[in-house]
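Numbering-wise, this note's numbering comes out as the position in the sequence shown, counting from 1, plus 818.
Honestly, the hints are just simulated from the structure, not real lab data. Think of the CB as a built atom: it goes at the ideal place given N, C-alpha and C, for glycine as much as any other residue. Treat the hints loosely; a few may be bogus.
Computed cross-link-like contacts, BS3-like style, restricted to lysine-lysine with a CA-CA straight-line distance of at most 25 Å [what the hints assert, rightly or not]:
1) K870 <-> K1146
2) K1053 <-> K870
3) K905 <-> K1113
What follows is a set of in silico ranges between Cβ atoms, one per label pair, in the way DEER data are often shown [said to hold, decoys possible]:
4) L1056 <-> L1112: 15 to 25 Å
5) G1241 <-> R1271: 46 to 56 Å
6) T912 <-> I1077: 30 to 40 Å
7) T912 <-> H1018: 37 to 47 Å
8) A1026 <-> K1149: 47 to 57 Å
9) Q1051 <-> I1077: 19 to 29 Å
10) R874 <-> L954: 37 to 47 Å
11) T1038 <-> K1149: 32 to 42 Å
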Amino acid sequence: MTSYQIVPTVQPVAAGPERGPSKTDVSEETQKLNGDGAREELFLSPLPPQTKVYRRRWLMLIIFVLVSMSSAFQWIQFSIITNLIMKYYNVDSTTVDWTSLVYMVTYVRIACDALNGRFWNGFGSWIKVLGAAPDLFYVALIGQTVTAMSQVFILGVPPNVAAVWFGAEQVSSACSIGVFGNQLGVALGFFLPPMMVQDHENIEDIGADLKRMFYIVAGTCTAFFLLVLVAFQAKPPLPPNAARAAPQSAEPVTYYQSIKTIVTNRNYILLLITYGINAGVFYAMSTLLNQTVLKHFPGEEENAGRIGLTIVVCGMLGSVVCGIVLDKTHKFRETTLVVYGLAVAGMVAYTFTFELQYIVVTFVTAGAVGFFMTGYLPVGFEFAAELTYPEPEVTSSGLLNASAQVFGIVFTIMGGWLLNSYGDLVCNGILSAALFVGAVLTFFIRSDLRRQRANQMEALRLNEPP
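Start from the sequences and build out the full structure, keeping to the hints where you can.
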(Lines of atoms letter the chains of each structure in order from A and count residues from 1; the text may use other names and numbers.)
(Lines give C-alpha, C1' and ligand atoms only; values in the text may rest on other atoms or scores of the structure.)
Protein backbone atom coordinates (compact mmCIF):
# COMPACT_ATOMS: atom_id res chain seq x y z
CA MET A 1 0.00 0.00 0.00
CA THR A 2 1.37 3.45 -0.95
CA SER A 3 1.46 6.22 1.71
CA TYR A 4 1.24 9.92 0.96
CA GLN A 5 2.48 13.12 2.55
CA ILE A 6 0.98 16.64 2.23
CA VAL A 7 3.38 19.11 0.60
CA PRO A 8 2.05 22.73 0.85
CA THR A 9 2.90 25.45 -1.68
CA VAL A 10 1.68 29.07 -1.45
CA GLN A 11 0.68 31.16 -4.49
CA PRO A 12 -0.89 34.68 -4.63
CA VAL A 13 -4.44 34.82 -5.88
CA ALA A 14 -4.46 36.47 -9.29
CA ALA A 15 -7.08 39.14 -9.97
CA GLY A 16 -9.60 38.41 -12.62
CA PRO A 17 -12.81 36.63 -13.27
CA GLU A 18 -13.60 33.63 -11.18
CA ARG A 19 -13.31 30.24 -12.74
CA GLY A 20 -14.17 26.82 -11.44
CA PRO A 21 -11.44 24.30 -10.75
CA SER A 22 -10.53 21.97 -13.60
CA LYS A 23 -10.45 18.20 -13.26
CA THR A 24 -6.67 18.41 -13.17
CA ASP A 25 -6.79 20.91 -10.30
CA VAL A 26 -9.12 18.70 -8.33
CA SER A 27 -7.22 15.50 -8.95
CA GLU A 28 -3.73 16.86 -8.22
CA GLU A 29 -4.17 19.38 -5.44
CA THR A 30 -6.38 20.52 -2.60
CA GLN A 31 -6.83 24.32 -2.45
CA LYS A 32 -7.83 26.70 0.35
CA LEU A 33 -7.54 30.42 1.09
CA ASN A 34 -5.37 31.53 3.98
CA GLY A 35 -5.75 34.69 6.01
CA ASP A 36 -3.68 36.82 3.58
CA GLY A 37 -5.83 36.00 0.59
CA ALA A 38 -3.30 33.58 -0.81
CA ARG A 39 -4.20 30.17 -2.09
CA GLU A 40 -2.40 27.26 -0.44
CA GLU A 41 -2.08 24.17 -2.57
CA LEU A 42 -1.76 20.84 -0.85
CA PHE A 43 -0.14 18.32 -3.15
CA LEU A 44 -0.26 14.61 -2.48
CA SER A 45 3.28 13.25 -2.72
CA PRO A 46 4.12 9.57 -2.20
CA LEU A 47 6.13 8.77 0.90
CA PRO A 48 9.18 6.52 0.53
CA PRO A 49 8.17 2.97 1.49
CA GLN A 50 9.12 2.10 5.05
CA THR A 51 11.78 -0.58 5.36
CA LYS A 52 13.55 -2.01 8.36
CA VAL A 53 16.04 -4.81 8.93
CA TYR A 54 15.31 -6.52 12.26
CA ARG A 55 17.95 -8.07 14.50
CA ARG A 56 15.73 -11.10 15.08
CA ARG A 57 16.21 -12.05 11.42
CA TRP A 58 19.21 -14.10 12.57
CA LEU A 59 17.05 -16.04 15.03
CA MET A 60 14.59 -16.89 12.23
CA LEU A 61 17.48 -18.05 10.04
CA ILE A 62 19.00 -20.16 12.84
CA ILE A 63 15.65 -21.84 13.53
CA PHE A 64 15.30 -22.69 9.86
CA VAL A 65 18.87 -24.03 9.73
CA LEU A 66 18.14 -26.35 12.67
CA VAL A 67 14.91 -27.78 11.29
CA SER A 68 16.42 -28.16 7.82
CA MET A 69 19.37 -29.99 9.36
CA SER A 70 17.11 -32.49 11.15
CA SER A 71 15.29 -33.37 7.92
CA ALA A 72 18.42 -33.67 5.79
CA PHE A 73 20.09 -35.95 8.36
CA GLN A 74 17.31 -38.49 7.96
CA TRP A 75 17.59 -38.50 4.16
CA ILE A 76 20.95 -40.27 4.16
CA GLN A 77 20.97 -42.07 7.55
CA PHE A 78 20.10 -45.48 6.04
CA SER A 79 22.03 -45.33 2.76
CA ILE A 80 25.37 -44.50 4.38
CA ILE A 81 25.18 -47.81 6.30
CA THR A 82 23.61 -49.81 3.46
CA ASN A 83 25.57 -52.97 4.24
CA LEU A 84 24.39 -52.96 7.88
CA ILE A 85 20.76 -52.26 6.95
CA MET A 86 20.90 -55.16 4.45
CA LYS A 87 22.33 -57.43 7.13
CA TYR A 88 19.89 -56.44 9.89
CA TYR A 89 16.64 -56.28 7.90
CA ASN A 90 17.64 -58.98 5.36
CA VAL A 91 16.88 -56.77 2.34
CA ASP A 92 18.84 -56.04 -0.84
CA SER A 93 20.73 -52.84 -1.71
CA THR A 94 18.01 -51.61 -4.08
CA THR A 95 15.48 -51.72 -1.24
CA VAL A 96 17.81 -49.70 0.97
CA ASP A 97 18.26 -47.17 -1.85
CA TRP A 98 14.53 -46.47 -1.57
CA THR A 99 15.03 -44.95 1.88
CA SER A 100 16.79 -42.15 0.01
CA LEU A 101 14.62 -42.22 -3.10
CA VAL A 102 11.46 -41.77 -1.04
CA TYR A 103 12.65 -38.24 -0.23
CA MET A 104 12.60 -37.50 -3.94
CA VAL A 105 9.37 -39.31 -4.80
CA THR A 106 7.36 -37.58 -2.08
CA TYR A 107 8.41 -34.10 -3.17
CA VAL A 108 5.04 -32.86 -4.40
CA ARG A 109 3.61 -29.40 -4.09
CA ILE A 110 1.14 -29.55 -1.23
CA ALA A 111 0.01 -26.85 1.15
CA CYS A 112 2.46 -27.23 4.02
CA ASP A 113 3.55 -24.43 6.32
CA ALA A 114 6.38 -24.34 8.85
CA LEU A 115 4.33 -25.78 11.70
CA ASN A 116 2.92 -28.68 9.69
CA GLY A 117 6.29 -29.41 8.10
CA ARG A 118 8.00 -29.67 11.49
CA PHE A 119 5.17 -31.83 12.86
CA TRP A 120 5.48 -34.44 10.09
CA ASN A 121 9.26 -34.46 10.42
CA GLY A 122 9.00 -35.31 14.11
CA PHE A 123 6.07 -37.70 13.68
CA GLY A 124 7.89 -39.70 11.01
CA SER A 125 10.99 -39.98 13.16
CA TRP A 126 8.92 -41.56 15.97
CA ILE A 127 7.40 -44.07 13.52
CA LYS A 128 10.95 -45.20 12.70
CA VAL A 129 11.49 -45.95 16.39
CA LEU A 130 8.69 -48.53 16.04
CA GLY A 131 10.48 -50.04 13.02
CA ALA A 132 13.66 -50.99 14.87
CA ALA A 133 12.96 -54.75 14.67
CA PRO A 134 14.44 -57.07 11.98
CA ASP A 135 11.02 -57.92 10.52
CA LEU A 136 9.67 -54.34 10.54
CA PHE A 137 11.65 -52.67 7.77
CA TYR A 138 8.37 -51.63 6.14
CA VAL A 139 7.50 -49.64 9.29
CA ALA A 140 10.86 -47.86 9.15
CA LEU A 141 10.23 -47.09 5.47
CA ILE A 142 6.77 -45.69 6.30
CA GLY A 143 8.38 -43.43 8.91
CA GLN A 144 10.99 -42.35 6.36
CA THR A 145 8.20 -41.53 3.89
CA VAL A 146 6.32 -39.41 6.44
CA THR A 147 9.54 -37.58 7.31
CA ALA A 148 10.24 -37.02 3.63
CA MET A 149 6.90 -35.24 3.24
CA SER A 150 8.10 -32.43 5.50
CA GLN A 151 10.81 -31.43 3.04
CA VAL A 152 8.14 -29.81 0.83
CA PHE A 153 8.25 -26.92 3.29
CA ILE A 154 11.98 -27.06 3.95
CA LEU A 155 13.80 -27.27 0.63
CA GLY A 156 12.32 -24.20 -1.04
CA VAL A 157 12.44 -21.90 1.97
CA PRO A 158 16.03 -20.45 2.02
CA PRO A 159 15.48 -17.79 -0.69
CA ASN A 160 12.13 -16.83 0.85
CA VAL A 161 13.53 -16.41 4.38
CA ALA A 162 16.41 -14.41 2.91
CA ALA A 163 14.15 -12.14 0.83
CA VAL A 164 11.55 -11.59 3.58
CA TRP A 165 13.96 -10.87 6.45
CA PHE A 166 17.27 -9.58 5.00
CA GLY A 167 18.40 -6.41 3.26
CA ALA A 168 19.48 -6.37 -0.38
CA GLU A 169 23.18 -6.48 0.56
CA GLN A 170 22.75 -9.64 2.68
CA VAL A 171 20.11 -11.64 0.83
CA SER A 172 22.50 -13.94 -1.09
CA SER A 173 24.59 -14.66 2.00
CA ALA A 174 21.44 -15.40 4.03
CA CYS A 175 20.21 -17.78 1.33
CA SER A 176 23.58 -19.54 1.40
CA ILE A 177 23.36 -19.94 5.18
CA GLY A 178 19.86 -21.39 4.76
CA VAL A 179 21.20 -23.97 2.30
CA PHE A 180 24.04 -24.52 4.78
CA GLY A 181 21.49 -25.98 7.22
CA ASN A 182 20.49 -28.68 4.76
CA GLN A 183 24.11 -29.51 4.04
CA LEU A 184 24.95 -29.62 7.75
CA GLY A 185 22.22 -32.22 8.20
CA VAL A 186 23.57 -34.29 5.31
CA ALA A 187 27.08 -34.01 6.78
CA LEU A 188 25.88 -35.34 10.13
CA GLY A 189 23.91 -38.01 8.27
CA PHE A 190 27.12 -39.20 6.64
CA PHE A 191 29.22 -38.94 9.79
CA LEU A 192 27.11 -40.12 12.75
CA PRO A 193 25.26 -43.30 11.61
CA PRO A 194 28.48 -45.26 10.85
CA MET A 195 29.70 -44.34 14.34
CA MET A 196 26.40 -45.05 16.09
CA VAL A 197 25.55 -48.32 14.31
CA GLN A 198 28.42 -50.80 14.36
CA ASP A 199 28.87 -54.03 12.38
CA HIS A 200 28.27 -56.53 15.21
CA GLU A 201 28.20 -60.29 14.75
CA ASN A 202 25.03 -60.40 16.83
CA ILE A 203 22.02 -59.03 14.93
CA GLU A 204 20.39 -57.91 18.19
CA ASP A 205 23.33 -55.61 18.91
CA ILE A 206 22.88 -53.93 15.52
CA GLY A 207 19.19 -53.51 16.37
CA ALA A 208 20.06 -51.90 19.71
CA ASP A 209 22.34 -49.42 17.92
CA LEU A 210 19.61 -48.60 15.40
CA LYS A 211 16.98 -48.08 18.09
CA ARG A 212 19.28 -45.73 20.01
CA MET A 213 19.89 -43.70 16.84
CA PHE A 214 16.15 -43.55 16.10
CA TYR A 215 15.37 -42.31 19.64
CA ILE A 216 18.01 -39.58 19.47
CA VAL A 217 16.75 -38.35 16.10
CA ALA A 218 13.10 -38.41 17.20
CA GLY A 219 13.85 -36.46 20.38
CA THR A 220 15.85 -33.85 18.47
CA CYS A 221 13.10 -33.37 15.86
CA THR A 222 10.49 -32.98 18.60
CA ALA A 223 12.58 -30.29 20.30
CA PHE A 224 12.93 -28.38 17.02
CA PHE A 225 9.18 -28.64 16.41
CA LEU A 226 8.54 -27.00 19.79
CA LEU A 227 11.08 -24.28 18.93
CA VAL A 228 9.20 -23.46 15.71
CA LEU A 229 5.92 -23.45 17.62
CA VAL A 230 7.21 -20.93 20.15
CA ALA A 231 9.61 -18.66 18.25
CA PHE A 232 9.32 -18.85 14.45
CA GLN A 233 7.77 -15.83 12.68
CA ALA A 234 6.91 -15.99 8.97
CA LYS A 235 7.71 -12.34 8.17
CA PRO A 236 8.58 -9.06 9.93
CA PRO A 237 6.16 -6.14 10.38
CA LEU A 238 8.06 -4.03 7.82
CA PRO A 239 9.86 -5.24 4.66
CA PRO A 240 13.69 -5.26 4.70
CA ASN A 241 14.45 -3.75 1.28
CA ALA A 242 13.04 -1.58 -1.50
CA ALA A 243 12.21 -4.46 -3.85
CA ARG A 244 10.18 -6.13 -1.13
CA ALA A 245 8.44 -2.84 -0.28
CA ALA A 246 7.56 -1.99 -3.88
CA PRO A 247 3.79 -1.85 -4.50
CA GLN A 248 2.46 -5.19 -5.63
CA SER A 249 -0.41 -5.92 -7.97
CA ALA A 250 -3.81 -5.32 -6.39
CA GLU A 251 -4.94 -8.67 -7.76
CA PRO A 252 -3.51 -11.55 -5.70
CA VAL A 253 -1.55 -13.97 -7.87
CA THR A 254 -2.37 -17.62 -7.30
CA TYR A 255 0.28 -20.32 -7.10
CA TYR A 256 -0.75 -21.74 -10.47
CA GLN A 257 -0.76 -18.31 -12.13
CA SER A 258 2.76 -17.83 -10.81
CA ILE A 259 3.85 -21.18 -12.24
CA LYS A 260 2.29 -20.31 -15.60
CA THR A 261 4.30 -17.10 -15.72
CA ILE A 262 7.52 -18.80 -14.69
CA VAL A 263 7.37 -21.72 -17.14
CA THR A 264 7.18 -19.31 -20.08
CA ASN A 265 10.53 -17.83 -19.02
CA ARG A 266 13.15 -19.41 -21.30
CA ASN A 267 16.10 -18.57 -19.06
CA TYR A 268 14.39 -20.04 -16.02
CA ILE A 269 13.54 -23.27 -17.87
CA LEU A 270 17.21 -23.73 -18.78
CA LEU A 271 18.16 -23.11 -15.15
CA LEU A 272 15.46 -25.56 -14.05
CA ILE A 273 17.07 -28.31 -16.16
CA THR A 274 20.68 -27.53 -15.26
CA TYR A 275 19.91 -27.22 -11.54
CA GLY A 276 18.05 -30.54 -11.63
CA ILE A 277 20.99 -32.27 -13.31
CA ASN A 278 23.49 -30.91 -10.78
CA ALA A 279 21.42 -31.77 -7.71
CA GLY A 280 20.31 -35.11 -9.19
CA VAL A 281 23.92 -36.20 -9.72
CA PHE A 282 24.72 -35.16 -6.15
CA TYR A 283 21.78 -37.17 -4.78
CA ALA A 284 22.78 -40.28 -6.74
CA MET A 285 26.44 -39.96 -5.78
CA SER A 286 25.53 -39.58 -2.09
CA THR A 287 23.04 -42.47 -2.07
CA LEU A 288 25.52 -44.86 -3.72
CA LEU A 289 28.59 -43.68 -1.78
CA ASN A 290 28.67 -46.55 0.73
CA GLN A 291 28.43 -49.18 -2.00
CA THR A 292 31.03 -47.44 -4.19
CA VAL A 293 33.60 -47.06 -1.40
CA LEU A 294 33.17 -50.64 -0.14
CA LYS A 295 33.79 -52.01 -3.64
CA HIS A 296 37.33 -50.58 -3.51
CA PHE A 297 37.94 -50.47 0.24
CA PRO A 298 36.15 -53.40 1.96
CA GLY A 299 35.39 -52.92 5.66
CA GLU A 300 35.75 -49.13 5.46
CA GLU A 301 32.20 -48.21 6.44
CA GLU A 302 33.36 -45.42 8.74
CA ASN A 303 35.66 -43.99 6.06
CA ALA A 304 32.73 -44.04 3.64
CA GLY A 305 30.90 -41.86 6.14
CA ARG A 306 33.94 -39.61 6.51
CA ILE A 307 34.20 -39.20 2.74
CA GLY A 308 30.54 -38.18 2.73
CA LEU A 309 31.27 -35.77 5.58
CA THR A 310 34.17 -34.31 3.57
CA ILE A 311 31.90 -33.82 0.55
CA VAL A 312 29.32 -31.93 2.56
CA VAL A 313 31.67 -29.87 4.75
CA CYS A 314 33.48 -28.68 1.63
CA GLY A 315 30.05 -28.06 0.10
CA MET A 316 28.99 -25.91 3.05
CA LEU A 317 32.15 -23.86 2.62
CA GLY A 318 31.42 -23.60 -1.10
CA SER A 319 27.85 -22.46 -0.42
CA VAL A 320 28.98 -19.66 1.88
CA VAL A 321 31.82 -18.57 -0.43
CA CYS A 322 29.53 -18.47 -3.46
CA GLY A 323 26.92 -16.50 -1.53
CA ILE A 324 29.51 -13.91 -0.51
CA VAL A 325 30.78 -13.69 -4.10
CA LEU A 326 27.23 -13.02 -5.35
CA ASP A 327 26.63 -10.32 -2.73
CA LYS A 328 29.89 -8.58 -3.67
CA THR A 329 29.75 -8.90 -7.46
CA HIS A 330 26.12 -9.65 -8.47
CA LYS A 331 27.66 -11.65 -11.36
CA PHE A 332 25.07 -14.43 -11.33
CA ARG A 333 25.63 -15.93 -14.78
CA GLU A 334 29.42 -15.77 -14.58
CA THR A 335 29.48 -17.34 -11.10
CA THR A 336 27.09 -20.08 -12.22
CA LEU A 337 29.23 -20.96 -15.25
CA VAL A 338 32.50 -21.10 -13.32
CA VAL A 339 31.09 -23.15 -10.42
CA TYR A 340 29.29 -25.58 -12.75
CA GLY A 341 32.39 -26.10 -14.90
CA LEU A 342 34.57 -26.82 -11.86
CA ALA A 343 31.93 -29.25 -10.55
CA VAL A 344 32.26 -31.22 -13.81
CA ALA A 345 36.06 -31.29 -13.45
CA GLY A 346 35.78 -32.47 -9.84
CA MET A 347 33.33 -35.23 -10.73
CA VAL A 348 35.61 -36.54 -13.49
CA ALA A 349 38.55 -36.60 -11.07
CA TYR A 350 36.42 -38.39 -8.45
CA THR A 351 35.38 -41.00 -11.03
CA PHE A 352 38.89 -42.04 -12.00
CA THR A 353 40.78 -41.71 -8.69
CA PHE A 354 39.01 -44.76 -7.21
CA GLU A 355 41.11 -46.85 -9.59
CA LEU A 356 44.28 -45.61 -7.87
CA GLN A 357 43.25 -47.45 -4.67
CA TYR A 358 44.48 -44.59 -2.46
CA ILE A 359 41.67 -43.59 -0.14
CA VAL A 360 43.38 -40.29 0.74
CA VAL A 361 43.17 -39.22 -2.91
CA THR A 362 39.47 -40.12 -2.89
CA PHE A 363 38.98 -37.83 0.10
CA VAL A 364 40.59 -34.94 -1.83
CA THR A 365 38.62 -35.38 -5.06
CA ALA A 366 35.37 -35.96 -3.17
CA GLY A 367 35.96 -32.70 -1.29
CA ALA A 368 36.45 -30.85 -4.58
CA VAL A 369 33.18 -32.28 -5.92
CA GLY A 370 31.37 -31.21 -2.76
CA PHE A 371 32.78 -27.67 -2.79
CA PHE A 372 31.62 -26.88 -6.31
CA MET A 373 28.56 -29.10 -6.73
CA THR A 374 27.00 -28.07 -3.43
CA GLY A 375 28.30 -24.52 -3.73
CA TYR A 376 26.19 -24.24 -6.87
CA LEU A 377 22.90 -24.84 -5.02
CA PRO A 378 22.45 -21.39 -3.39
CA VAL A 379 23.70 -19.79 -6.60
CA GLY A 380 20.91 -21.56 -8.46
CA PHE A 381 18.31 -20.45 -5.89
CA GLU A 382 19.36 -16.81 -6.10
CA PHE A 383 19.72 -16.82 -9.90
CA ALA A 384 16.18 -18.22 -10.13
CA ALA A 385 14.85 -15.46 -7.86
CA GLU A 386 16.52 -12.87 -10.11
CA LEU A 387 15.21 -14.38 -13.35
CA THR A 388 11.61 -14.69 -12.12
CA TYR A 389 11.12 -11.51 -10.04
CA PRO A 390 8.50 -10.42 -8.92
CA GLU A 391 7.14 -13.97 -8.69
CA PRO A 392 7.40 -15.47 -5.16
CA GLU A 393 10.78 -16.99 -4.35
CA VAL A 394 9.06 -20.06 -2.88
CA THR A 395 7.57 -20.84 -6.29
CA SER A 396 10.81 -20.60 -8.25
CA SER A 397 12.82 -22.51 -5.66
CA GLY A 398 10.06 -25.10 -5.24
CA LEU A 399 10.16 -25.91 -8.95
CA LEU A 400 13.97 -26.13 -8.81
CA ASN A 401 13.71 -28.66 -6.02
CA ALA A 402 11.05 -30.62 -7.89
CA SER A 403 13.42 -30.80 -10.86
CA ALA A 404 16.20 -31.97 -8.54
CA GLN A 405 13.99 -34.77 -7.18
CA VAL A 406 13.02 -35.96 -10.68
CA PHE A 407 16.61 -36.07 -11.87
CA GLY A 408 17.67 -37.57 -8.53
CA ILE A 409 15.21 -40.46 -8.94
CA VAL A 410 16.36 -41.14 -12.50
CA PHE A 411 20.08 -40.90 -11.73
CA THR A 412 19.87 -42.92 -8.49
CA ILE A 413 17.89 -45.79 -10.03
CA MET A 414 20.05 -45.76 -13.16
CA GLY A 415 23.24 -45.39 -11.11
CA GLY A 416 22.33 -48.27 -8.80
CA TRP A 417 21.72 -50.53 -11.79
CA LEU A 418 24.96 -49.46 -13.50
CA LEU A 419 26.93 -49.91 -10.27
CA ASN A 420 25.68 -53.46 -9.76
CA SER A 421 25.91 -54.43 -13.44
CA TYR A 422 29.02 -52.64 -14.76
CA GLY A 423 30.86 -51.19 -11.77
CA ASP A 424 31.47 -47.73 -10.37
CA LEU A 425 33.65 -46.50 -13.27
CA VAL A 426 30.76 -46.72 -15.73
CA CYS A 427 28.25 -45.45 -13.16
CA ASN A 428 30.24 -42.35 -12.21
CA GLY A 429 31.30 -41.81 -15.82
CA ILE A 430 27.67 -41.55 -16.92
CA LEU A 431 26.95 -39.14 -14.06
CA SER A 432 29.95 -37.02 -15.13
CA ALA A 433 28.64 -36.92 -18.71
CA ALA A 434 25.23 -35.76 -17.48
CA LEU A 435 26.89 -33.01 -15.46
CA PHE A 436 28.81 -31.90 -18.56
CA VAL A 437 25.53 -31.57 -20.48
CA GLY A 438 24.25 -29.34 -17.66
CA ALA A 439 27.33 -27.13 -17.91
CA VAL A 440 26.80 -26.69 -21.67
CA LEU A 441 23.13 -25.74 -21.18
CA THR A 442 24.14 -23.23 -18.48
CA PHE A 443 26.10 -21.31 -21.11
CA PHE A 444 22.84 -20.40 -22.89
CA ILE A 445 21.19 -18.76 -19.84
CA ARG A 446 21.02 -14.98 -20.21
CA SER A 447 21.74 -12.68 -17.28
CA ASP A 448 18.27 -11.13 -16.89
CA LEU A 449 18.60 -9.77 -13.33
CA ARG A 450 15.08 -8.45 -12.71
CA ARG A 451 15.31 -8.17 -8.93
CA GLN A 452 18.55 -6.19 -9.15
CA ARG A 453 16.94 -3.79 -11.61
CA ALA A 454 13.93 -3.36 -9.31
CA ASN A 455 16.20 -2.44 -6.39
CA GLN A 456 18.14 0.03 -8.54
CA MET A 457 15.00 1.68 -9.94
CA GLU A 458 13.46 2.00 -6.48
CA ALA A 459 16.67 3.54 -5.15
CA LEU A 460 16.72 6.05 -8.03
CA ARG A 461 13.06 6.92 -7.45
CA LEU A 462 13.66 7.63 -3.78
CA ASN A 463 16.63 9.86 -4.60
CA GLU A 464 14.66 12.00 -7.06
CA PRO A 465 13.89 15.56 -5.84
CA PRO A 466 10.22 16.13 -4.90
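For each hint, the structure was consulted:
1. K870 <-> K1146: Holds. K870 to K1146 sits at ~21 Å (cutoff 25 Å).
2. K1053 <-> K870: Distance ~12 Å between K1053 and K870 Cα, so the pair holds.
3. K905 <-> K1113: Holds: K905 and K1113 sit about 17 Å apart, inside 25 Å.
4. L1056 <-> L1112: 15 to 25 Å: For L1056 and L1112 the Cβ distance comes to about 54 Å; the hint is violated.
5. G1241 <-> R1271: 46 to 56 Å: holds (50 Å)
6. T912 <-> I1077: 30 to 40 Å: Given a distance of about 34 Å, which is inside 30 to 40 Å, the answer is holds.
7. T912 <-> H1018: 37 to 47 Å: violated (24 Å)
8. A1026 <-> K1149: 47 to 57 Å: holds (53 Å)
9. Q1051 <-> I1077: 19 to 29 Å: Holds: the Cβ-Cβ distance is about 27 Å, inside 19 to 29 Å.
10. R874 <-> L954: 37 to 47 Å: Roughly 43 Å apart at Cβ, these two residues keep to the hinted range, so it holds.
11. T1038 <-> K1149: 32 to 42 Å: holds (39 Å)
Of the numbered hints given earlier, the model fails hints 4, 7; all others are met.
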